[in-house]
Amino acid sequence: MRIIVGVSGASGSIYGLRLLEKLSRRPEAEIHLILTRSAERTAHLEMGQRAAEFRKYAHFTYPLEDIGARLASGSFLTDAMVIAPCSIHSMSAIASGLSTNLLIRAADVCLKERRKLILMVRETPFHLGHLRTMVALTEMGAIIAPPIPGFYHQPQTVLDLVDHSVDRVLDLLGLPAEEAPRWDGGRREKPE
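Residue 1 is where the sequence shown starts when you use the working numbering, and the numbers rise one by one after that.
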């Protein structure tokens, strides 16, 4: 399964890193990474991480400016793209079809080729323009998946909260994480 992972400069770079970590454990996943310079800065500010930490999980990495890369063409077959986290800037550019860099162009290709595009939009609160843009993208075929954690699995750490959202994205990709907590109807007893 060929998956493009984009990491934009929105707060929450941990989502992109955890997604890459989990995908890298899946032998069926071929990971193509686009990391923006804003993402690099945010990762450094939020986690003290450098771009190399993200790149080590990818099979292929691409410069943001390389709009001639194979990811910019529909003839290069991919299965899905996830932008984690997805900034409002990136989301808006995708919705407008402004393919000014490889991240936006690769997302545009996914939409035009009817491939799965998942956007982990990381912003709050949303104003009406944000919501209308999300509706437009949904109408175009994108999946808007903001990292909004559930609490039924009784998270104990921030990483538990992050993983809940990342595991939901893995479900959307058709690569469910075996260790992901699942809702069981509120049962407390152990299964036999």
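Source of the hints: derived by calculation from the structure; they are not laboratory data.
Backbone N, C-alpha and C define an ideal beta-carbon position, used for all residues, glycine too.
Some clues are possibly wrong.
[Unchecked claim] Here are the simulated BS3-like pairs of lysine-lysine, each with C-alpha atoms no more than 27 Å apart in a straight line:
(1) K22 / K116
(2) K116 / K56
(3) K22 / K56
[To be verified] FRET-style restraints, in silico, Cβ to Cβ:
(4) I67 / A180: 33 to 41 Å
(5) S96 / Y152: 36 to 44 Å
(6) D184 / I148: 14 to 22 Å
(7) D160 / H44: 23 to 31 Å
(8) G74 / G186: 20 to 28 Å
(9) A52 / A136: 13 to 21 Å
(10) G129 / E53: 40 to 48 Å
(11) M1 / S75: 33 to 41 Å
(12) S73 / G186: 16 to 24 Å
(13) G141 / D184: 16 to 24 Å
Checklist entry - Is it true that G129 and E53 lie within 40 to 48 Å of each other by Cβ? => result At 34 Å between Cβs, range violated.
Item to check | Pairwise beta carbon distance, A52 to A136, judged against the given window 13 to 21 Å | outcome: Since A52 and A136 have Cβ atoms about 36 Å apart, the given range 13 to 21 Å is violated.
Next on the checklist: Given the hint of 20 to 28 Å, is the C-beta distance from G74 to G186 inside that range or not?
Outcome noted: At roughly 45 Å between Cβ atoms, G186 and G74 fall outside 20 to 28 Å, so the hint is violated.
Checklist entry - Taking the CB of M1 and the CB of S75, does the distance hold inside 33 to 41 Å? => result Once the Cβ atoms are compared, 18 Å apart, the range 33 to 41 Å for S75 and M1 is violated.
Checklist entry - Does the alpha-carbon distance linking K22 and K116 stay inside the 27 Å limit? => result Holds: K22 and K116 sit about 19 Å apart, inside 27 Å.
Next on the checklist: The hint says 23 to 31 Å between D160 and H44; measuring C-beta to C-beta, is that right?
Outcome noted: Because 24 Å falls inside the window, the suggested range holds.
Checklist entry - Is 16 to 24 Å a correct range for the gap between the Cβ atoms of S73 and G186? => result With Cβ atoms ~48 Å apart, the hint is violated.
Checklist entry - Between K22 and K56, does the CA-CA distance stay at or below 27 Å? => result 13 Å, holds
Checklist entry - So the hint says 33 to 41 Å: do the beta-carbon atoms of I67 and A180 match that? => result Holds - the Cβ-Cβ distance for I67 and A180, about 36 Å, lies within 33 to 41 Å.
Next on the checklist: Range first: 14 to 22 Å. Now tell me if the beta carbons of D184 and I148 are that far apart.
Outcome noted: 20 Å, holds
Item to check | Pairwise beta carbon distance, G141 to D184, judged against the given window 16 to 24 Å | outcome: The hinted range 16 to 24 Å is violated for G141 and D184, with Cβ atoms some 32 Å apart.
Item to check | Holds or violated: K116 to K56, with C-alpha atoms at most 27 Å apart | outcome: 24 Å, holds
When each numbered hint is compared with the structure, violations occur for hints 8, 9, 10, 11, 12, 13.
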